[in-house]
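Chemist: Read top to bottom, the protein sequences are chains Z and V. For what it's worth, my numbering labels the leading residue of the first sequence as 994, then goes sequentially. For what it's worth, my numbering labels the leading residue of the second sequence as 5, then goes sequentially.
It is worth saying that the hints were derived from the structure and are not from the lab. Treat the hints with care, as some may be off.
Cβ-to-Cβ under 10 Å is the rule here; a few derived chain Z residues that face chain V [stated by the list, open to error]:
1) 1045
2) 1065
3) 1072
4) 1075
5) 1076
6) 1078
7) 1083
8) 1093
9) 1094
10) 1096
11) 1140
12) 1150
For each label pair, taking beta carbons as the anchor points, the in silico distance ranges come out as [unchecked claim]:
13) 134/V / 1095/Z: 24 to 34 Å
14) 1063/Z / 202/V: 35 to 45 Å
15) 1106/Z / 305/V: 55 to 65 Å
We treat Cβ as the ideally placed atom computed from N, Cα and C, and that holds for glycine.
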Amino acid sequence: MSEVVMKGLKKVYDNKVTAVHDVNLEIKDKEFIVLVGPSGCGKSTTLRMVAGLEEISDGELYIDGKLVNDVAPKDRDIAMVFQNYALYPHKTVYDNLAFALKLRKEPKDVIDKKVREVAEILDITQYLKRKPKALSGGQRQRVAIGRAMVRDPKVFLMDEPLSNLDAKLRNQMRAEIIKLRSRINTTFMYVTHDQTEAMTLGDRIVIMKDGYVNQIGTPQEVFNKPVNLFVAGFIGMPVMNFFDNCKLLLEDGKYYAEIRGVKFLLGDFQQKALKQINAKSCDIVAGIRPQHVTVGEGELSAKIEVSEMMGSEYNIHARTDKDEVVMLIPTVDLTTDVSMGKTINFTTRPHLIQLFDRETGNNIIWYDAESAANNAPVCKRYDF
Amino acid sequence: MEANAKRLSLKKERAPKKKMTKEKRVRYFKDNSPYLLMVLPAVLVVFLFNYLPIYGVLIAFQDFMPGDKILSDSTIWVGFQNFERFFSDPQFWPLMKNTFLICIIGFVIGFPLPIIVSLMLNAMKGKKTAKVLQTIFNGPHFISLVVLVGMLTLFFGRYGLVNNIAAHFGGERYSYFLESSAFRPMYILSSNWQDFGWSAIIYIAALSNVDPQQHEAAILDGATRFQRVMHVDLPAIMPMVSVMLIMSIGGLMGVGYEKALLMQTDGNLAVSELISTYVYKRGLTGVPDQAYATAIGLFNSIINVVLLIIANTTSKKFSENSLW
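Work out the full structure: start from the sequences and follow the hints.
Modeler: This is the structure in structure tokens:
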């Protein structure tokens, strides 16, 4: 068992800057959790507090049921992979892998066995005698992962481990981490600013901004049920289209979203959910994902400014009177002319429209005030 | 991966250097003219004060009298006579021994000292305290040699602080400056006291380049503070240590005459007479014998050059660091 539990974790620096506010998070045994957010959101600081590299200003941190606030990093039974590998440049790959075990004074044959096992898993056996400078970025990152693996830790911490790699290598290494995870079967905490990494790697994702956790959920949840405008805008590529100054209307017991004068009768689930929370007509910001736009029908219209043919789909930037709209249109069965300069009609499936309170920015359906108050915001659960 | 391994193994096979064409040379100078212009004053200074005076070593091979021109029709060339004179001089072995001992002992104590100090300052938790200490350690470097020897006199003179304390407790007054046995410790320790902080700067600068994540990785690996110094900091400054070692060995016999002269008394002359003080005395005092003094100086410089080459070659062979 290697659970990590954070209770009101807080980090305040000497200059009185609060980097992390009251993080409450329960990471289950063998779970892969990803902390994601823009630069300066506190994700790395949170990870470093778990590692013991940053002092915890307030709150409690439990690893495997033990309070570890004041436990030295080496005694927390964790291992960490750093962004720039942090390999010892004067040591060979073998010595880099063996260093922690040598410090633990493990017998030589045990060290040798463990190092070679890990090298085999990571396919770096042929580089054991080389020094890090004679390795490529990807190989160095494997060594860094190997150095963490030999320690057989309870919790595996990774701080943007793929950020220094080029796009192709990053994709390759991402796949390797997924494979690795199935082999070593331990608890992972992974920090990244790349939402693709977050979505593909994480069992659950923690989205952070300005030191606060904005949402905790599975990749599907954070994509389909974003609790606020920030999460909706941060997760998803291209970014969700937001239509400000729209309305949520309640007419004859039915809920509608009015977007630029066009009324959309919301889906069954939305009707039930809005009824359950007793929603009233109000001003909203409507959110529509580029993938959920359909062209060639509907009453909304826009002029195409940029049309990028991506092979299987078109990436279209169009402009209405008030908004810039991004659309991702599959090329299969496309009959509408989507070349630059053309004016097209577009619409969306109403049940996919996200409704955000114009004042608070919170999702009217998915924002759960109770979990947010506990600083562990998840999307709201409904009992129907 | 295989391709990468192949590429690395073929690293040494380099394409033959192509000769620069005239056009390329002109373009090179045109492109780099601002930088070449910037470096010009430094080149001029080095040429004027370091290379031009080399011309003067010719007098080591002449029967030269003060006032003579270095090259004229009346120049009398004597070959290696001045060198032979020095080798048969009764002062030769004492001078060699004194110079060698002062330099070697000074080097053995003085070379590791700034490295240890820089590692200690770098490992200190309180960075403010470390900075204050560094500033304090740098202070003595700015004391002139005359003042430094004056301070030594105040401390170790017959009526200096040390003797006063000894006398206060019933001890005997002792003339440190008249004793041969006290000269080397006073000379070497005061030199190291004056310069260890200053020499540490270069290592502190090198240590500031160490990636903090390497330390963090070592902390997670379970390394103690001392182990981090040994496994992260020290290897990081080793290239700098190698370069400084080569340069120190290259200048090993180049001990200056000023401080030794200032500390010299009839009592300690047997150990305080060094090659440099002897060159000064023979070349500039009494009846100057400049040809002889130049020959001794040249001999000393040649030893330094030989030591430099040996040190550089050895370093090149056993490590990846060398001056050339």
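Chemist: Was the hint right that residue 1076/Z lines chain V, CB cutoff 10 Å?
Modeler: holds, 8 Å
Chemist: Holds or violated: is there a CB of chain V closer than 10 Å to the CB of residue 1065/Z?
Modeler: holds, 8 Å
Chemist: Restraint: residue 1075/Z near chain V, CB-CB cut 10 Å. Satisfied or not?
Modeler: holds, 5 Å
Chemist: Grab the minimum C-beta distance from residue 1083/Z to chain V and call the hint holds if it beats 10 Å, violated otherwise.
Modeler: At about 4 Å, which falls below the 10 Å cut-off, the nearest Cβ of chain V leaves the hint on residue 1083/Z intact, so it holds.
Chemist: Can you verify the interface hint for residue 1140/Z: is its Cβ closer than 10 Å to any Cβ in chain V?
Modeler: Holds: closest Cβ of chain V sits about 8 Å from residue 1140/Z, inside 10 Å.
Chemist: At the C-beta level, are residue 1106/Z and residue 305/V separated by a distance inside 55 to 65 Å?
Modeler: holds, 58 Å
Chemist: Could you check if residue 1045/Z really has its C-beta closer than 10 Å to a C-beta on chain V?
Modeler: holds, 8 Å
Chemist: Can the suggested window of 35 to 45 Å be confirmed for the beta-carbon pair residue 1063/Z and residue 202/V?
Modeler: holds, 41 Å
Chemist: Using the nearest Cβ pair, does residue 1150/Z come within less than 10 Å of chain V?
Modeler: holds, 9 Å
Chemist: Between residue 134/V and residue 1095/Z, does the beta-carbon spacing fit 24 to 34 Å?
Modeler: Between residue 134/V and residue 1095/Z, where Cβ atoms are some 29 Å apart, the hint holds.
Chemist: With 10 Å as the cut and Cβ atoms as the points, is residue 1094/Z at the interface with chain V?
Modeler: holds, 9 Å
Chemist: Should the interface hint for residue 1072/Z be scored as holding, given a Cβ-Cβ cut-off of 10 Å against chain V?
Modeler: Status holds, d = 7 Å.
In summary, the structure agrees with every hint in the numbered list given earlier.
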